[in-house]
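Just so you know, the sequences run in chain order A and B. If you're matching positions, the first sequence starts at 889 in my numbering and goes up one per residue. If you're matching positions, the second sequence starts at 58 in my numbering and goes up one per residue.
Please note that a few of the clues may not be correct.
To be verified - Below 25 angstroms or equal to it, Euclidean Cα-Cα: the simulated PhoX-like pairs (lysine-lysine) are:
#	chain 1	residue 1	chain 2	residue 2
1	A	K1180	A	K1110
2	A	K911	B	K106
3	A	K1110	A	K1258
4	B	K106	B	K65
5	B	K179	A	K911
6	A	K1248	A	K1258
7	B	K65	A	K1240
8	A	K1248	A	K1180
9	A	K1150	A	K1258
I should point out that these hints are in silico values taken from the structure, not numbers from a laboratory. Source: prediction; values computed, not measured.
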Amino acid sequence: MSDSDAVLLTTPLDGLHRELGGKMVPFAGYAMPVQYPAGILAEHLHTRAAAGLFDVSHMGQVEITGPGVAAWLESLVPAEIQGLGLGRTRYSVFTNDQGGIEDDLMISRLGEERLFLVVNAACKQADIAHLQRHLAPGLTLTVLADRALLALQGPGASAAMAPIAPEAAAMGFMSIGELTIGGIACLATRSGYTGEDGWEISVPADQAEALARTLLAQPGVKPVGLGARDSLRLEAGLCLYGSDIDTATTPIEAGLAWIIGKRRREQGGFPGAAIILAQLRDGPSRLRVGLKPDGRAPARAHTEITDSAGARLGEITSGGFGPSVDGPVAMGYVPAASAAPGTAIKLVVRGKSLDAHVAKLPFHPHRYHKA
Amino acid sequence: MSQTRFTKDHEWIRVEGDIGTVGITDYAQHALGDIVFVETPAPGSTLAKGAEAAVVESVKAASEVYSPVSGTVTEGNAALEERPALVNESPEDEGWFFKLRLADAGQLAELMDQAAYEAFLKTLD
């Protein structure tokens, strides 16, 4: 065991990953399976065809309770939270005073005065400190460090859940509820980050392995690692924090204007609101777009994007091979004038200027559950 | 009469006459995972021993393939354009990368034979 392994944290499913032949790699301070023996390509395609089970226990789970908690959280995020219905889930971001993004997160309303947040692993310490620093009197923040998080994703997810959690079928997309799965009391949202139907399931750490084994025993469910999680979310046009969005990108530049509630657009009241709302009104100078190489060569993160004359436009923030697209796909930032789908651009890969064009996102159509 | 030699970077070269065929080993394809793109060198290009000769990309990342010996490229494996997965399926046969005319056959002696390469693999992880 090398020194870098020695300091890695593990999730409650560590033993199961190793038993299943997971190839463990360091990710955000955790030993995580990048793939299982089936490989990234097969795991990706299996998720799109049936159902994949992902361990996302490295992500941070936080509960905040107390009077006025929804109004208070609106001081840190641009989403409409006061109007978020009981049992509903919403995607949002923490913004900073410059209008940049500190992290992206899922916010669920468990009660009138009770919110449940899921934040990125790499950002969770900073996010928790940020929340604590701004915590209003009367509010209580609890880090749910003793809970694991599993994601079941794919068109076969509902069939897999039916026999072990009959109540799951009634859940709408982006809703949350207490759910007993195979006799284990869980908290589940009908959501995910693959573009597919599915659930993200919060479970006590000491029951995570039993839950994972129950889910893996259902027909069509196979374990899927972080490698396929990344290619799935890229094809779905979803942002990876630290790559596609960060402290220097605003929600408007990132194409996330839709996360800003109507009332919030009028009233502001979140960090960086003046900058973000001005960009919303006037249009941002640059935009996150989909990019599709015309050839077969993948273009990875940090690949330079130029116009057809070779002038720099920006760079790729996420890029690689899309197994369902069966070709290379990428996302990156270009000036607003070059952001229209179909715009011809060049990607500089290993010194060669390769033809590509701006493409509509997502690369693979979302297939979320419709009630 | 052909002989196959190996590098510590997991390339193989099989020599017949003064033409060497180069690819990556089964160990390498397994470590890389699903291969989705291969870029082979243009015929006529000259390669020095150890120089970057080709690029192989898996779903996760791009890796370089180095020329085991010096020489002049005579052919790239066109089949890999359509079917890069040949490198996974048949790494030491149909999934070859390129052929080159050896500049100095004496360089082969600096590479490992099959037995030495297998012993080398045992020293890894």
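Outcome of the hint check:
1. A:K1180 - A:K1110: Violated, at roughly 30 angstroms.
2. A:K911 - B:K106: Violated, at about 33 angstroms.
3. A:K1110 - A:K1258: 24 angstroms, holds
4. B:K106 - B:K65: 13 angstroms, holds
5. B:K179 - A:K911: 19 angstroms, holds
6. A:K1248 - A:K1258: The given pair, whose Cα atoms are some 22 angstroms apart, holds under the 25 angstroms limit.
7. B:K65 - A:K1240: Distance ~28 angstroms between B:K65 and A:K1240 Cα, so the pair is violated.
8. A:K1248 - A:K1180: 9 angstroms, holds
9. A:K1150 - A:K1258: 23 angstroms, holds
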